[in-house]
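A.B. asks: One letter stands for each residue in the lines below.
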Amino acid sequence: MVGERPLGLTFLATLEAILSVIEINIGILLFVIGNPLPNALPGLNVGLTGTVLVGTGILGLFLAYYLWSGQAFGWLAATGLVVADAIVRILLPAMFGAAWIAYAIFLELDLAMLYYLTRSSTTTFFGGESVREVIEKERIEMQPRIKEIKFTLKLVRKSSLSIIGAAIVLFYVFMALFAPVLAPPGDVSQGGDSMVMPHQGMSLIPVAPNAQHPFGTMQGQYDIYYGCIWGARSALRIGIYVAGGSLVIGLVIGILAAYYGGWMDEVLMRLTDVVLAFPGLILSMALIVVLVPTGVARLDAVMISLVIVGWPGYARLIRGEILRVKNEDYVEAAKSVGCSDLRVIGSHILPNSIYPVLIVFTLDLGTIVLAAAALSFLGLGSTLGYADWGQIISLSQNWIYANPAAPFAYWFTFIIPGIFISIFVLGWNLLGDALRDILDPTLRRK
Amino acid sequence: MTGNVFLRIEDLDLRFYTYEGVVEALDRVRLQIKDGETIGVVGETGCGKSVTGFSELNLIPPPGKIEGGKIFLQKNDQWINLLRQRDAYLRTVRGKDISMIFQDPKSALNPVYTVRQQISEAILHHRMEDLCLKLLEDSKNATESLKQGNLSEHEKTKLRKAVLSKRERRMLERMIDDPQRLIVRIASRIPVLNRFKHRFNAEVTKEVVRMLKDMRIPDPDRVAEMYPHELSGGMAQRVVVAMALSCNPKLLIADEPTTNLDVTVQLQILTLIKDLKTKYGMTIQYITHDMGVVAEMCDRVAVMYAGNVVELAEVLEVFKNPLHPYTKALLECIPRPGTQLKSIEGFVPSLISPPKGCRFNDRCPYAMEKCVREKPEFVSPKKGHQVLCHLYAGESQ
Amino acid sequence: MSFMLELEDLKKHYALTGGVLRRKVGAVKAVDGVSLTVEKGETFGLVGESGCGKTTLAKTTLRLLNPNSGNIFLDVPDEVKERIRTLQKEKRGGFELRRLRAQWDLAVFKGRKLRDMRRKMQMVYQDPTRSLNPRMLVKDVLLEPLAVQNIARGSAGLKKVSEMLQRVGLNDRHLYRYPHEFSGGQRQRIAIARALITTPKLVFLDEPTSSVDVSVRAQLLNLFQGLRKDFDLTYVYISHDLSVVECIADRVAVMYLGKIVELARTPELYERPLHPYSIALFSAIPVPDPTLKRKRVMLSGEVPSPVNPPSGCRFHPRCDSAMQVCQTQEPKLIDVGNEHLVACHLFNK
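Protein chains in written order, with the numbering used here: chain X, 11 to 456; chain S, 1071 to 1467; chain P, 3 to 351.
If you're looking for bench data, these hints aren't it; they were derived computationally from the structure. We put the beta carbon where it would ideally sit given N, CA and C, even for glycine. It is possible that some hints are incorrect.
Stated by the list, open to error - Below 27 Å or equal to it, Euclidean Cα-Cα: the simulated DSS-like pairs (lysine-lysine) are:
hint, chain 1, residue 1, chain 2, residue 2
1, X, Lys336, P, Lys13
2, X, Lys345, P, Lys334
3, X, Lys168, S, Lys1176
4, S, Lys1135, X, Lys164
5, P, Lys13, X, Lys345
6, X, Lys345, P, Lys161
7, P, Lys26, X, Lys336
8, S, Lys1347, P, Lys115
9, P, Lys295, X, Lys345
10, S, Lys1349, P, Lys297
11, S, Lys1344, P, Lys295
12, P, Lys115, S, Lys1176
13, X, Lys160, P, Lys13
14, S, Lys1176, X, Lys336
15, P, Lys141, X, Lys157
16, P, Lys115, X, Lys345
17, P, Lys295, S, Lys1390
18, P, Lys231, S, Lys1283
19, P, Lys295, S, Lys1347
20, S, Lys1412, P, Lys231
21, X, Lys336, P, Lys83
22, P, Lys162, X, Lys345
23, P, Lys295, S, Lys1349
24, P, Lys61, X, Lys345
What the hints assert, rightly or not - Not close to chain P: a few residues of chain S, all C-beta gaps over 12 Å, as computed:
hint, residue
25, Asp1157
26, Ser1190
27, Thr1213
28, Ser1222
29, Arg1269
Unchecked claim - The following label-pair restraints were derived from C-beta to C-beta distances:
hint, chain 1, residue 1, chain 2, residue 2, range
30, S, Pro1425, X, Phe181, 22 to 32 Å
31, S, Ser1215, P, Met325, 51 to 61 Å
32, X, Thr162, S, Lys1445, 54 to 64 Å
33, X, Lys157, P, Arg87, 49 to 59 Å
34, P, Arg87, S, Glu1295, 50 to 60 Å
35, S, Ser1215, P, Gln331, 30 to 40 Å
36, S, Lys1176, X, Ile425, 37 to 47 Å
37, S, Glu1415, P, Pro136, 54 to 64 Å
38, X, Leu333, S, Lys1445, 44 to 54 Å
Make a model of the complete structure from these sequences and hints.
C.D. replies: Right, dumping it as structure tokens:
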């Protein structure tokens, strides 16, 4: 009966799936970003923690899938999965001490619910009826959302470009994830920081690709291969932080300006215009030059300056969309019912206006890397030796057309990292395009 | 205005191939349009009345596809199947033989062009030759009159304006031959040489203003230079009608032209259309869902339901003696004060998997067992009155 | 005789700004001094063409727009209204007037009081495709008013939603669907359910059947009548379709350019329209009877823009019977007998 649902199977399965996805994401982020709290958790073994999280996450997703689809599977397999899940999650606090106990408790809630489930429905795993009824009912309720998702997936499958884009992006994500495997750190010259490219020797002249250095070395004898692989990490990191930061700031400003209008709109839009009036690259250069002497780390300064240059675009975009949606009948109807401003914005305006912003976000993830590369090329990017594609290219400046007798002898110094950057940006562009085709309501239907 | 049939739609089948399935939008649609009449196509949303109009111009956008049937147009004593013609040929038909006006006048007009530019476009597409010839004719006449002398100074100045120089005449002749000729195009861009083009454009503008005046638009010179957003709904619709009539088409298809307009403006537009019809000798196919408008404007009526033409008869017959159950029910739905409001039970069937038999059978109070199984055929129980229903099977005259 | 709704001299102007300094150069007088009363339980018809201000009037009454001046009394006792009127006439500002208005006059409500009042008045919009959030399930659309007005949440809320859906002719199966999966008539039913779920007293219906097919129209109109009896509602039915209004309204007001020009009981108005505009309006309706020949009054020109309304009587440039006085003086609404009010100098006896 509607409204009187016990803790249903689907509900648990959804919870399990959400928690597992969170775990996987945390695991991946740990890989990409590194230790987020180096002071609080100095001994955190990022690699191990990340692997464990991703592993349990995947286990959890399997479990959720079985529960969701209502397939009664062997009680042995069910119990086995639950036990494995539990053991692994208990291992975590054991490995990392007090700081992780809070996290473990959070996970154990999930575990407790699973236990409740297995206890209260042991009979159903042997083929009982009541749980199946519940599943059926819940499936009916989920039907419209599932239909929407299926339609979306079908659109995704239809467009081959989107698959290519997604494949490219995934490829880079895996490259970033498995960087320690593909290009093992641990070289003395790195000084303990895996993000510095190994450079054994002081040779100033780039060396062509050979057995020891698959992509060759550049000026200063930095290994290009290492730099390209680990460069994926810094690219993703810069992309996510900068695009995310611009998105958040732009959203706040754009929403305030569009929803309240009047003088707030004027003031905020003029502020936006002021920032937009500066040529982007030059403004970011100026900001970096100002920030670095005050003690901000180089890479952080790059990211902050790019965020400051980037937010006006989002602000304008969301403002335009909100202005369009603001006057729709359903927004007015929501107000007439008595919805507060916050609710109107959150439930009605944002879900209908956010899609172009999300699409620009994915596109930006690619272009920001280009901007960072440009800054590196100009010498204002990451510090010398940092594994960053732009850094590699900047170091290859002098070698692009070095020897008149043998021009492009040192092609590997800029073409290889250049290919990495181009394909990265291409992947995000294709993905962004595909997202637009899929999510734009006017293009979706037929 | 002979009253003879000049457009025949036979067994038209139209399907839309969508994600959700194949929509059978039109099923064996049959219609004949007689010269000089106003035929109304009446029905509710989704019955297919608009797409029937679009089919006549072969303007169905994908994913729609005409799957069967013929549309015959009588041109120069020959019957041509419009569905089998190439686009190039159809472009000579659209606007010239058959013209269409739409529901929302504001969206039928391009917002970045003035009224004059848009109407000129329609005129130039079909009547360039006529106008050039007219200019040449005027010039010849003016020269003749001037030669004769004994005219006032005032008249002489007027006539001199109409005279074209030899060079200008040559250019206009070239334009008649082939407007895309290189020399014509170059000359129209060079300052002194393009005087003929100026003359031509002035003539076109005169035509435009004349049309606007015909549409009873006040101050037509000023309106010609306005942009669509500066016009009110009624004015915009008149401009659209002007565009449609600029080449004097034989058939005007009007797709709910007054639905979005106020009722007093609607009266103005309907009166205008009626007067224009007599003046230009047009035939009108009037698509609407408003039975009141049908009663006012139309001589014959075709009632459509779910992709079929279910009844086709003279307007008096349809109102006083409706045969098809749907027509009867529709007429009963018209609100009458004092009586309880009636509606038709049920919903229009989904056209993605339409019922096998008669499409109205689930809502029909007279439905028989046959209606569920078999599709009905057209019968003519009375002369000039066709109906698609099993109730009258075998009563053909 | 307590009225459900009483509007007194309600005005809504939109200021037009121009010039470099954005000064006020004019005003769109969308609603320019409208006074009317709606009795409890009646269906009040409001007709007029586009630009006449009927939708603006509805939105201003619902406080979706803020009025420039005038009073809105929703279910207010007579004595209070009298007191406020007296105080306003004496032009005594002062504490008492402000206090009374803050408590009773919907035109000045703010904050919590306004939000609570919203519960009592709702609107059904013309196009249900646009008035329902395309990304919300029907269940959420209907639960939202209950949550916002603190009426019910969770399973209690769902129960109410379920009941409401049954009342409008839908069922539980439809709870978990998006609006685009329904037909036009069904969507309008959902919109009606949303309007009624807070059990309001006054409901504005803004052309609710114009985007719906003729054969389904009557279903909706019968639904309105049924719901009115069941929930003890008062309707204000806004439309430009005079034939529909004739069937369901008890009294009808005709608006032109922001003012009411005629107001009478329905049979009286339709039998004897007095104002020249009303006469033209009625004669413009196409009648579904091909044999009927009648004299049609055709108006010249178009509805003038409400930015610069004509002086004196606003209809005088298009009126066949315009007199000298019509150009200079605005006519007031006068009762010419039988509860029939007209604003026209022709009837200034």
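A.B. asks: State for each hint whether it applies.
C.D. replies: Verification of the hints:
{"no.": "1", "hint": "X:Lys336 x P:Lys13", "verdict": "24 Å, holds"}
{"no.": "2", "hint": "X:Lys345 x P:Lys334", "verdict": "35 Å, violated"}
{"no.": "3", "hint": "X:Lys168 x S:Lys1176", "verdict": "36 Å, violated"}
{"no.": "4", "hint": "S:Lys1135 x X:Lys164", "verdict": "23 Å, holds"}
{"no.": "5", "hint": "P:Lys13 x X:Lys345", "verdict": "21 Å, holds"}
{"no.": "6", "hint": "X:Lys345 x P:Lys161", "verdict": "24 Å, holds"}
{"no.": "7", "hint": "P:Lys26 x X:Lys336", "verdict": "25 Å, holds"}
{"no.": "8", "hint": "S:Lys1347 x P:Lys115", "verdict": "60 Å, violated"}
{"no.": "9", "hint": "P:Lys295 x X:Lys345", "verdict": "48 Å, violated"}
{"no.": "10", "hint": "S:Lys1349 x P:Lys297", "verdict": "22 Å, holds"}
{"no.": "11", "hint": "S:Lys1344 x P:Lys295", "verdict": "15 Å, holds"}
{"no.": "12", "hint": "P:Lys115 x S:Lys1176", "verdict": "42 Å, violated"}
{"no.": "13", "hint": "X:Lys160 x P:Lys13", "verdict": "52 Å, violated"}
{"no.": "14", "hint": "S:Lys1176 x X:Lys336", "verdict": "23 Å, holds"}
{"no.": "15", "hint": "P:Lys141 x X:Lys157", "verdict": "17 Å, holds"}
{"no.": "16", "hint": "P:Lys115 x X:Lys345", "verdict": "14 Å, holds"}
{"no.": "17", "hint": "P:Lys295 x S:Lys1390", "verdict": "16 Å, holds"}
{"no.": "18", "hint": "P:Lys231 x S:Lys1283", "verdict": "54 Å, violated"}
{"no.": "19", "hint": "P:Lys295 x S:Lys1347", "verdict": "20 Å, holds"}
{"no.": "20", "hint": "S:Lys1412 x P:Lys231", "verdict": "19 Å, holds"}
{"no.": "21", "hint": "X:Lys336 x P:Lys83", "verdict": "36 Å, violated"}
{"no.": "22", "hint": "P:Lys162 x X:Lys345", "verdict": "21 Å, holds"}
{"no.": "23", "hint": "P:Lys295 x S:Lys1349", "verdict": "22 Å, holds"}
{"no.": "24", "hint": "P:Lys61 x X:Lys345", "verdict": "11 Å, holds"}
{"no.": "25", "hint": "Asp1157", "verdict": "34 Å, holds"}
{"no.": "26", "hint": "Ser1190", "verdict": "25 Å, holds"}
{"no.": "27", "hint": "Thr1213", "verdict": "44 Å, holds"}
{"no.": "28", "hint": "Ser1222", "verdict": "38 Å, holds"}
{"no.": "29", "hint": "Arg1269", "verdict": "35 Å, holds"}
{"no.": "30", "hint": "S:Pro1425 x X:Phe181: 22 to 32 Å", "verdict": "52 Å, violated"}
{"no.": "31", "hint": "S:Ser1215 x P:Met325: 51 to 61 Å", "verdict": "52 Å, holds"}
{"no.": "32", "hint": "X:Thr162 x S:Lys1445: 54 to 64 Å", "verdict": "38 Å, violated"}
{"no.": "33", "hint": "X:Lys157 x P:Arg87: 49 to 59 Å", "verdict": "58 Å, holds"}
{"no.": "34", "hint": "P:Arg87 x S:Glu1295: 50 to 60 Å", "verdict": "53 Å, holds"}
{"no.": "35", "hint": "S:Ser1215 x P:Gln331: 30 to 40 Å", "verdict": "58 Å, violated"}
{"no.": "36", "hint": "S:Lys1176 x X:Ile425: 37 to 47 Å", "verdict": "55 Å, violated"}
{"no.": "37", "hint": "S:Glu1415 x P:Pro136: 54 to 64 Å", "verdict": "29 Å, violated"}
{"no.": "38", "hint": "X:Leu333 x S:Lys1445: 44 to 54 Å", "verdict": "51 Å, holds"}
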